[in-house]
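Colleague: Each chain, written out:
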Amino acid sequence: MIAFPISAAPRPVPARRPRPGAHPLGLVWTLVRTDFKVRYHGTVAGFLWALLKPFTMFVVLLGVFSFVFASDRHYKINLIVALFLWDFFAEATKVGLTSLHAKGYLLTKARFPSWILVVTSVSNAVITLGVFSVVIVAFLGLAGRPPSLAGLGFFILYLGQYLLMVVGFSLATSVLFLRYRDLNQVWEVVSQAGFFVAPIIYPLGILPERLHFYLYVWPPTPVIQFSRMVLVDGVLPSTRAHLFLAGVTAVTLAAGILIFRRHAPRAAEYL
Amino acid sequence: MAIVSLRGIGKSFRIPSVRRDTVREHVFGLLHPRRFEELRVLDGVDLDVRAGETLGIMGRNGSGKSTLLKIVSGIYQPDRGEVRVAAAVTPILELGVGWNPELNAIDNIYLIGSVMGLALSEIRSAIDEILSFADLERFANLELRHYSSGMAARLAYSVAFKAVREILVLDEIFAVGDAGFRARCHQRYRELSAAGHTVILVSHEPYTIASFCHRAVLLEGGRIAMDDRAERVAEAYLRLLGGAAPAVPAPA
Numbered sequence: 012m013i014a015f016p017i018s019a020a021p022r023p024v025p026a027r028r029p030r031p032g033a034h035p036l037g038l039v040w041t042l043v044r045t046d047f048k049v050r051y052h053g054t055v056a057g058f059l060w061a062l063l064k065p066f067t068m069f070v071v072l073l074g075v076f077s078f079v080f081a082s083d084r085h086y087k088i089n090l091i092v093a094l095f096l097w098d099f100f101a102e103a104t105k106v107g108l109t110s111l112h113a114k115g116y117l118l119t120k121a122r123f124p125s126w127i128l129v130v131t132s133v134s135n136a137v138i139t140l141g142v143f144s145v146v147i148v149a150f151l152g153l154a155g156r157p158p159s160l161a162g163l164g165f166f167i168l169y170l171g172q173y174l175l176m177v178v179g180f181s182l183a184t185s186v187l188f189l190r191y192r193d194l195n196q197v198w199e200v201v202s203q204a205g206f207f208v209a210p211i212i213y214p215l216g217i218l219p220e221r222l223h224f225y226l227y228v229w230p231p232t233p234v235i236q237f238s239r240m241v242l243v244d245g246v247l248p249s250t251r252a253h254l255f256l257a258g259v260t261a262v263t264l265a266a267g268i269l270i271f272r273r274h275a276p277r278a279a280e281y282l
Numbered sequence: 002m003a004i005v006s007l008r009g010i011g012k013s014f015r016i017p018s019v020r021r022d023t024v025r026e027h028v029f030g031l032l033h034p035r036r037f038e039e040l041r042v043l044d045g046v047d048l049d050v051r052a053g054e055t056l057g058i059m060g061r062n063g064s065g066k067s068t069l070l071k072i073v074s075g076i077y078q079p080d081r082g083e084v085r086v087a088a089a090v091t092p093i094l095e096l097g098v099g100w101n102p103e104l105n106a107i108d109n110i111y112l113i114g115s116v117m118g119l120a121l122s123e124i125r126s127a128i129d130e131i132l133s134f135a136d137l138e139r140f141a142n143l144e145l146r147h148y149s150s151g152m153a154a155r156l157a158y159s160v161a162f163k164a165v166r167e168i169l170v171l172d173e174i175f176a177v178g179d180a181g182f183r184a185r186c187h188q189r190y191r192e193l194s195a196a197g198h199t200v201i202l203v204s205h206e207p208y209t210i211a212s213f214c215h216r217a218v219l220l221e222g223g224r225i226a227m228d229d230r231a232e233r234v235a236e237a238y239l240r241l242l243g244g245a246a247p248a249v250p251a252p253a
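Chains as they are written, first to last, in the numbering used here: chain A, 12 to 282; chain B, 2 to 253.
Don't read these hints as lab results, they were simulated from the structure.
A portion of the hints provided could be inaccurate.
Covered, in the sense of this in silico footprint (three residues per stretch, anywhere, with C-beta under 8 Å from a C-beta of chain B), are these stretches of chain A [what the hints assert, rightly or not]:
#1 42–56
#2 59–65
#3 110–124
#4 266–280
Just so you know, even glycine gets a beta-carbon here, dropped at the ideal spot from N, CA and C.
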């Protein structure tokens, strides 16, 4: 042990270091970058490899259901749009739910805004969504059905609302998962059922109209349907429909923020 | 003037008779209500730490030392009382835990450094220094899962010492690494203390407290049982353990 003399009169040090979270952009960039590295081994090939799952799913579903819905001439493109939107939802909610637990080791290092961990956890799913969106629009253009500028604008608006819904969901479930460690298994079951609740592999029109409202309460449904309308059909949903989507988004996000604010301050105690 | 001020701090943990961590256990347990026992870890702690002071905290296992540090660091919230911390805190707690094992040392330095408040440019310019301090330059590109616990702890110290802000909170430091690494830690600690950083240090080692602290408190049963010069508190701690109290050297 090396002892050293201690000054009898302590001298305060002037503030010279930033507080944790003082460089939020740097923190966000680091979290996104490290997530990308871990998931895709930091390579484009790794990223392309991860795209194989939804692509394989598309090929299999197309192979089976294009015969069932052979009379629907837009079935293929509608299936692609719905599948990539669903894949984003399933992937982002799955990762968001476990985000605080997975990065819990950072919560005990310093005090910083823990919501950043949750929000950045969906970054990889957002990157995939962005790539798929560009591919879909390019595909529509090559097929001679390019979406209008207004249609593209509304599509981006839907994607933004979709993202806010996923963030709201992730904020709520990430703190609840610290208390209920099988919440991810429960969500997996719900998610599997939700794949069939949303009109992904079937046209919504084959179901009785009285059931449509219940299907629209499931957040992916309005996003999928509205995106199909503006991208494939070239039709704009009604103002009422837009208000409904905005309402679902606002409620999901507000509930997520409230639940997170209530439980997050004690998150470290449950790790 | 106090840079850290705690008034009437209380913290309890509810210990259930049966632990239920899953939705399934909660649903199946609806007909079997649990009893909860309250484990009071801190019970009315009043404490002031002056700017530039080094304060030692001693106490037996379960006396509330680590909980108190986490409350000062903002990681735990108290159930009662008021916490006022007038400057930024760097906690160095639970070393060796807190790395992403899939990432190499450099990526982990970026990750932890960002969380501790360093700008990316600061981290970039400090990478060599951090690795050198931890004596891990050769293993910079090795994933952390291949590190020993000692290597990981050295890296944690090194990053934390680089990111130190006004208040440094340390839990059981100086127990990591070989003699050379400990000497570098002591040297760094000496520089920080001399520069006027406020330090709150928990240790079971009386010699460490007496050597490194101006003042110390003894926690017992969640309360401050003694608040005095560091060497006196160290001796009281030894008496509390039931052993003879060897002379603890007073700081020069």
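Colleague: Determine for every hint whether it applies to the structure shown.
Modeller: How the hints compare with the structure:
Restraint check on the stretch 42–56 of chain A versus chain B: 5 residues with Cβ-Cβ distances below 8 Å, three needed, restraint holds. With a cut-off of 8 Å between beta carbons, the stretch 59–65 of chain A has 0 residues touching chain B; three or more are needed, and the interface restraint is violated. Counting residues of the stretch 110–124 of chain A whose beta carbon lies closer than 8 Å to any beta carbon of chain B gives 8, which reaches the threshold of three, so the coverage claim holds. Counting residues of the stretch 266–280 of chain A whose C-beta sits closer than 8 Å to any C-beta of chain B gives 4, which meets the bar of three, so the coverage hint holds.
In the structure shown, a violation is registered for the earlier hint numbered 2 alone.
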